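These are the residues of each chain, in order.
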Amino acid sequence: MKVAFLAILAAGMGSGAQAATLHCAFTEPFVDIDFDTASGNVVLTTPHETDRATGKPVPTTLAENAKLVREDAWKDFQTFYLKAGDQTILTLQLTGQGGDGMNELMFPFETKYSGVGGGCETDTAPAYDLGQLYESFDIKFGN
Amino acid sequence: MRVLLAGVVVGLCTVPGGAAQLHCSFTEPFFSIAYDTATGKVILTSADEFDGDGNLVPRLLGENVKVVREDKWKDFETLYLKAGDETILTIKITGQGSDGMSDNQYPFEGIYGERNIGGCETDKIKSFDVYQLYEDFGVKYF
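Protein chains in written order, with our numbering: chain A, 1 to 143; chain B, 1 to 142.
If you're looking for bench data, these hints aren't it; they were derived computationally from the structure.
Predicted model, so just to flag it, every value in this text is computed and none were measured.
Think of the CB as a built atom: it goes at the ideal place given N, C-alpha and C, for glycine as much as any other residue.
Just so you know, not all the hints are guaranteed correct.
Stated by the list, open to error - Facing chain B, according to a computed beta carbon distance under 7 Å, are these residues of chain A, among others:
no.: 1; residue: S114
no.: 2; residue: G117
no.: 3; residue: A125
Claimed, not checked - Dumping the calculated PhoX-like pairs for lysine-lysine here, alpha-carbon to alpha-carbon at most 25 Å:
no.: 4; chain 1: B; residue 1: K82; chain 2: B; residue 2: K126
no.: 5; chain 1: A; residue 1: K67; chain 2: B; residue 2: K74
no.: 6; chain 1: B; residue 1: K41; chain 2: B; residue 2: K140
no.: 7; chain 1: B; residue 1: K66; chain 2: A; residue 2: K140
no.: 8; chain 1: B; residue 1: K41; chain 2: A; residue 2: K140
no.: 9; chain 1: B; residue 1: K74; chain 2: A; residue 2: K140
no.: 10; chain 1: B; residue 1: K124; chain 2: B; residue 2: K140
no.: 11; chain 1: B; residue 1: K66; chain 2: A; residue 2: K56
no.: 12; chain 1: A; residue 1: K140; chain 2: B; residue 2: K140
no.: 13; chain 1: A; residue 1: K112; chain 2: B; residue 2: K66
no.: 14; chain 1: B; residue 1: K140; chain 2: B; residue 2: K92
no.: 15; chain 1: B; residue 1: K126; chain 2: A; residue 2: K140
no.: 16; chain 1: B; residue 1: K41; chain 2: A; residue 2: K75
no.: 17; chain 1: A; residue 1: K112; chain 2: A; residue 2: K67
no.: 18; chain 1: A; residue 1: K83; chain 2: B; residue 2: K140
no.: 19; chain 1: A; residue 1: K112; chain 2: B; residue 2: K140
no.: 20; chain 1: B; residue 1: K92; chain 2: B; residue 2: K66
no.: 21; chain 1: B; residue 1: K140; chain 2: A; residue 2: K67
no.: 22; chain 1: B; residue 1: K66; chain 2: B; residue 2: K140
no.: 23; chain 1: B; residue 1: K82; chain 2: B; residue 2: K72
no.: 24; chain 1: B; residue 1: K72; chain 2: B; residue 2: K140
no.: 25; chain 1: B; residue 1: K124; chain 2: B; residue 2: K92
no.: 26; chain 1: A; residue 1: K83; chain 2: B; residue 2: K74
no.: 27; chain 1: A; residue 1: K75; chain 2: B; residue 2: K66
no.: 28; chain 1: B; residue 1: K74; chain 2: B; residue 2: K92
no.: 29; chain 1: A; residue 1: K75; chain 2: B; residue 2: K82
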């Protein structure tokens with residue numbers, strides 16, 4: 001009985017607002033930017049900023065209490081802004097044509113950070129591998 | 001041990017060249033087109049095509065169908081669902097596909113016939129719900 005009660009309680013707690021994550025990838029320089037609604041933090045990770053002792057990347061917090069907001073009118077593609085107060089950290093466009101500049105991944109969002117183009121995905125709108133699409137359908141060139 | 005062996009056998013059976021499926025949805029008229037590499041068949045199912053008992057009657061559009069792609073393209077890469085020389089469906093990798101009805105954004109745009117434009121997805125590359133995205137991130141207007 002106690003087990004059943006705890007299971008129901010846990011299920012009830014789990015059905016609340018779930019955290020969502022945004023992940024953006026850039027190349028040259030290699031940078032990842034992550035935003036998590038649970039913490040509100042925007043974190044940058046790059047292989048160029050590492051711990052001397054361990055050699056592991058040291059994430060840098062770009063902003064706290066960040067939010068994703070959207071333009072109420074748009075041309076061509078819908079635009080989103082990752083903002084912390086008045087500061088815009090990233091501008092994202094929902095083009096379905098985003099790329100990280102390195103592989104065949106297609107990201108739902110295109111973005112730029114410090115002038116470098118990148119691709120962004122979320123938990124429910126993940127990037128996909130175009131090369132994998134060709135393979136799974138055995139797609140060849142031509143007619 | 002038997003369970004382990006059975007697990008390995010099942011794993012090996014499912015690894016090589018799994019079948020892939022493409023599914024496209026259209027609105028006005030409401031119909032869907034499905035392609036499966038395992039059968040090579042393309043099937044159209046329409047809300048307007050049913051038998052005397054009201055059951056939908058799927059229609060075979062093509063057999064021995066393959067997906068081919070253009071080696072050069074402008075704006076968006078284009079794929080063709082072809083049965084011999086006949087092009088059944090044109091697929092553009094726009095990332096902006098739509099079924100014309102829901103908030104779903106499809107990875108591909110499907111063009112069937114002269115005027116029907118719909119949204120296409122595969123078993124591995126799914127559409128996503130833009131409205132759900134707003135909800136997940138608590139997105140408000142700027």
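Here is what the structure says about each hint:
1. For the restraint placing S114(A) at the interface with chain B, the shortest Cβ-Cβ distance is roughly 22 Å, beyond the 7 Å limit, so the hint is violated.
2. Below 7 Å, beta-carbon pairs count as interface contacts, and G117(A) has none with chain B, the closest being about 15 Å; its hint is therefore violated.
3. At about 4 Å, the closest approach between the beta carbon of A125(A) and any beta carbon in chain B falls short of 7 Å, and the interface hint on this residue holds.
4. At most 25 Å may separate the alpha-carbon atoms for a hinted pair to count; K82(B) and K126(B) meet this at roughly 22 Å.
5. Restraint check for K67(A) and K74(B): not satisfied, since their Cα atoms lie roughly 36 Å apart, outside the 25 Å limit.
6. Only pairs whose Cα atoms come within 25 Å are accepted, and K41(B) paired with K140(B) is rejected, the gap being roughly 44 Å.
7. Taking the CA atoms of K66(B) and K140(A), the gap is about 9 Å. The hint holds against a cut of 25 Å.
8. In summary, the hint linking K41(B) to K140(A) is supported, as the alpha carbons are separated by about 18 Å, within the 25 Å threshold.
9. For the proposed pair K74(B) and K140(A), the alpha carbon gap of about 18 Å is at most 25 Å, so the pair holds.
10. The straight-line distance between the Cα atoms of K124(B) and K140(B) is roughly 30 Å, outside the 25 Å bound, and the hint therefore fails.
11. Note on K66(B) and K56(A): the hinted pairing is violated, with a Cα-Cα distance of about 46 Å set against a maximum of 25 Å.
12. For a cut-off of 25 Å, the pair hint linking K140(A) to K140(B) is broken: about 43 Å separates their Cα positions.
13. Of the pairs offered as hints, the one joining K112(A) and K66(B) is violated, with about 37 Å between alpha carbons and a cut-off of 25 Å exceeded.
14. Restraint check: the Cα-Cα separation between K140(B) and K92(B) comes to about 31 Å, which exceeds 25 Å; the hinted pair is violated.
15. Taking the CA atoms of K126(B) and K140(A), the gap is near 22 Å; set against the 25 Å cutoff, the hint holds.
16. The suggested pairing of K41(B) with K75(A) is violated, with an alpha-carbon distance near 39 Å, which exceeds 25 Å.
17. Only pairs whose Cα atoms come within 25 Å are accepted, and K112(A) paired with K67(A) is accepted, the gap being roughly 17 Å.
18. Taken as a hint, the K83(A) and K140(B) pair is honoured in the structure, with Cα atoms around 12 Å apart against an allowance of 25 Å.
19. Among the hinted pairs, K112(A) with K140(B) is consistent with the structure: their alpha-carbon atoms are about 21 Å apart, no more than 25 Å.
20. Taking the CA atoms of K92(B) and K66(B), the gap is about 16 Å. The hint holds against a cut of 25 Å.
21. Only pairs whose Cα atoms come within 25 Å are accepted, and K140(B) paired with K67(A) is accepted, the gap being roughly 9 Å.
22. About 44 Å separates the Cα atoms of K66(B) and K140(B), which puts this hinted pair outside 25 Å; it is violated.
23. Straight-line distance between C-alpha atoms of K82(B) and K72(B) comes to about 18 Å, which keeps the hinted pair within the 25 Å bound.
24. Taking the CA atoms of K72(B) and K140(B), the gap is about 40 Å. The hint is violated against a cut of 25 Å.
25. At most 25 Å may separate the alpha-carbon atoms for a hinted pair to count; K124(B) and K92(B) meet this at roughly 17 Å.
26. For the proposed pair K83(A) and K74(B), the alpha carbon gap of about 35 Å is over 25 Å, so the pair is violated.
27. A hinted pair counts as satisfied when its Cα atoms are at most 25 Å apart, and K75(A) with K66(B) does not qualify at roughly 36 Å.
28. With a C-alpha separation of about 11 Å, the suggested pairing of K74(B) with K92(B) holds against the 25 Å cut-off.
29. A threshold of 25 Å between alpha carbons decides the hint, and for K75(A) with K82(B) the separation of about 34 Å lies outside it, so the pair is violated.
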